[in-house]
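2 protein chains.
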Amino acid sequence: MIKQLLLAPGPTPVPARVRLAMAQPMFHHRTPQFSALFAEVRDGLRQLFQTEEDVLVLASSGTGAMEAAVVNCFAPGDEVVVVNGGKFGERWIKLATTFGLTPIEIRVEWGRAVRVDQVAEALDAHPRARGVLVQGSETSTTAVHPIEQLAAVTRRRDTLLVVDGITAVGVYDLPMDRWGVDVLITGSQKALMLPPGLGLIALSQRAWARVEKVPQPRYYFDLTRERTNQAKNTTAYTPAISLVIGLHEALTMMREEGLANVFARHARLAAATRAAAAALELRLVAPDNPSPAVTGLYVPDAIDGSKLFAYLRDKMRVVFAGGQDHLKGKIVRIAHLGYMGAFDTITAVAALEMALRHFGHAVELGRGVGAAEAELLSALPG
Amino acid sequence: MIKQLLLAPGPTPVPARVRLAMAQPMFHHRTPQFSALFAEVRDGLRQLFQTEEDVLVLASSGTGAMEAAVVNCFAPGDEVVVVNGGKFGERWIKLATTFGLTPIEIRVEWGRAVRVDQVAEALDAHPRARGVLVQGSETSTTAVHPIEQLAAVTRRRDTLLVVDGITAVGVYDLPMDRWGVDVLITGSQKALMLPPGLGLIALSQRAWARVEKVPQPRYYFDLTRERTNQAKNTTAYTPAISLVIGLHEALTMMREEGLANVFARHARLAAATRAAAAALELRLVAPDNPSPAVTGLYVPDAIDGSKLFAYLRDKMRVVFAGGQDHLKGKIVRIAHLGYMGAFDTITAVAALEMALRHFGHAVELGRGVGAAEAELLSALPG
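If you read the sequences in order, they're chains A and B. To convert, note that position 376 of the first sequence is 376 in the working numbering; the numbers rise steadily by one, no gaps. To convert, note that position 13 of the second sequence is 13 in the working numbering; the numbers rise steadily by one, no gaps.
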């Protein structure tokens with residue numbers, strides 16, 4: 001098998017259009033040429049985040065943008081409620097702890113969503129809590145948390161809702177301003193169909209008001225300085241120019257498809273994958289609140305999931321993600337976000353069926369694919 | 001004029017080979033495929049930095065790597081001697097101040113190099129100073145500081161020499177281990193011929209010993225965590241994959257040319273530009289210690305340098321850099337670093353002559369070019 005298919009929840013495939021745009025000769029960033037491009041990028045990002053605020057572009061991975069949220073919005077000693085339902089919830093805990101915040105941890109079983117009443121109770125018990133840190137989609141467990149409902153709680157209080165939307169923004173409808181999300185973050189290598197290297201972050205007016213009062217030291221991730229510069233269509237430090245050029249092209253593609261269609265496509269591919277899983281009697285990792293970004297499936301008990309994953313990657317050249325920590329070897333994760341179409345999902349299911357059969361699982365070849373086809377067909381125009 | 005020539009001291013032109021390497025389909029970073037590539041990148045970086053230590057790859061601009069040096073090597077309250085002879089010296093001051101260090105500032109006239117005795121005296125006066133922060137090449141003033149001689153002073157003391165080598169590494173011979181530089185930094189968009197988005201940093205053994213004792217909070221720029229991961233040919237957070245692929249190709253090109261030849265080429269282009277300047281009676285910004293990365297020239301008093309710069313950029317499509325702060329409008333800076341050849345320098349001088357004539361300066365067209373040709377010809381094999 002000579003063709004590789006990347007079906008991991010980031011990095012995701014980069015369309016040829018975007019790769020070729022990035023392959024143009026380099027140009028300087030302190031020029032009208034860059035500023036004109038960047039102005040259009042900023043407009044596109046506001047549409048993507050569904051906000052009237054500035055979406056700041058950082059030369060960093062998504063983790064850098066998460067750090068930026070923490071060091072700009074919270075002071076040492078601040079209490080913050082952290083939803084920890086996976087690897088990226090853990091990352092919030094580590095960031096909060098590193099920068100001297102006092103995290104109030106809500107532990108959520110991996111694969112489950114936090115319940116809104118858990119967060120409301122934590123805030124009642126800690127009325128001075130300055131923020132709630134959560135994932136819009138917990139990539140490690142393939143579960144989504146109820147952001148709209150959480151925002152309904154936090155916006156009535158002096159509490160910022162900080163959402164790691166790294167596998168949520170551009171995946172499902174997450175209207176920042178309408179819902180009242182205070183900080184929304186994503187990274188370039190997910191729904192945005194770009195290589196990694198850009199962190200994106202937007203703050204609400206009340207989050208900006210907080211930033212001014214937070215004495216935490218910050219320089220590279222000083223969002224106030226970035227905001228001042230980016231308002232003038234430039235950046236505080238040298239931007240990752242080629243990725244910004246790619247971002248311009250990717251945002252154009254998303255606008256051409258239409259954001260609602262992008263969301264519907266992700267939902268459809270996820271539904272088709274879940275239909276295949278049901279037909280193959282594979283259990284979902286997040287049965288109650290599965291993410292449209294990525295579907296997690298338990299592999300049959302008799303099979304070592306790490307070997308299945310490696311076989312798929314090295315022999316079939318179909319790259320899923322495996323499980324992390326206590327899910328390592330027990331699950332595979334099949335991504336839907338980014339530049340993905342119906343037949344990528346068909347391929348994913350077919351490859352999974354073949355690999356399961358290879359490892360001795362009694363699988364009727366084509367059964368899962370048939371279920372996925374039926375689901376995909378139902379969405380086609382008549 | 002339809003062809004653009006980028007002659008700024010970063011970003012520099014990206015060779016087609018590198019751009020096409022980066023345009024290949026995305027692949028995942030937690031794979032043997034990436035690790036094999038990254039292992040070769042790490043080897044190439046050690047050769048480039050002339051060190052046996054790990055050169056860590058960060059998804060950030062060069063400023064991010066400068067911040068990493070500060071927050072990993074120095075604790076709040078630490079005294080550090082900072083050589084401030086330009087915009088990037090100022091950046092050290094700002095970083096040191098932001099993170100609670102006590103900078104002892106040595107102000108150097110723009111265009112001059114710090115004198116070694118100034119630094120030695122500052123260290124004698126502040127025997128507890130933990131570090132000396134300096135530029136290997138101060139891009140804003142086109143001057144180089146005497147790194148080898150500074151290292152001879154610092155390595156006899158318990159003082160780390162931290163060198164921003166953003167326009168020095170890969171430009172001129174700066175053997176980190178042999179000279180005894182403790183921290184050496186560069187960015188991708190300079191001699192490395194890549195787009196911006198990677199910060200690179202290496203630490204000496206004694207710098208690493210210091211890191212362990214420094215309580216400064218750090219997460220995204222936690223070099224200890226990066227070192228542990230990168231020793232295993234992976235990264236702590238998602239790397240800027242496409243730029244790492246480009247880095248692999250750029251390092252291959254530099255190895256093919258030979259590092260000594262790369263240094264000689266930069267020196268030759270700089271010498272040719274200075275010869276042209278002399279022939280045109282244009283004053284150098286850094287007459288005593290000009291950088292081989294970039295040559296700064298005062299424009300004639302009667303000419304507004306900003307207009308000259310804009311005319312070159314917008315009408316001739318030859319992009320130099322202008323001056324910053326009090327040099328704004330008074331100088332142009334012509335770069336030599338990165339993917340630059342003899343005829344790029346010829347073009348630079350020709351464009352400058354034409355622009356000077358356009359603005360009414362009495363210039364003999366071809367005079368500067370002739371001087372540059374003579375200099376370049378002298379280096380050609382007989």
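Everything labelled a hint here was simulated from the structure, so no lab data went into it. A hint or two may mislead.
The list treats identical chains as one, so a pair stands whether inside a single copy or across any two.
To be verified - Listed below are the simulated BS3-like cross-link pairs for lysine-lysine, each with C-alpha atoms no more than 30 Å apart in a straight line:
| no. | residue 1 | residue 2 |
| --- | --- | --- |
| 1 | K94 | K315 |
| 2 | K315 | K232 |
| 3 | K87 | K315 |
| 4 | K232 | K94 |
| 5 | K94 | K213 |
| 6 | K328 | K213 |
So, going through the hints one by one against the coordinates:
1. With identical chains, the CA atoms of K94 and K315 are never at most 30 Å apart, being 37 Å at best within one copy and 52 Å at best between copies.
2. For a Cα distance limit of 30 Å, the shortest separation of K315 from K232 across copies, 24 Å, qualifies, whereas the shortest one inside one copy, 50 Å, does not.
3. Proximity of K87 and K315 under a CA criterion of 30 Å is satisfied intra-copy only: 28 Å inside one chain copy versus 53 Å between copies.
4. Taking the shortest Cα distances, K232 and K94 sit within 30 Å of each other only across copies (22 Å), while inside one copy they are farther apart (34 Å).
5. For a Cα distance limit of 30 Å, the shortest separation of K94 from K213 qualifies both inside one copy, at 23 Å, and across copies, at 20 Å.
6. Within a single copy, K328 and K213 get their C-alpha atoms no closer than 42 Å, and across copies no closer than 34 Å, so neither meets the 30 Å cut-off.
This entry does not satisfy hints 1, 6, going by the numbered hints stated previously.
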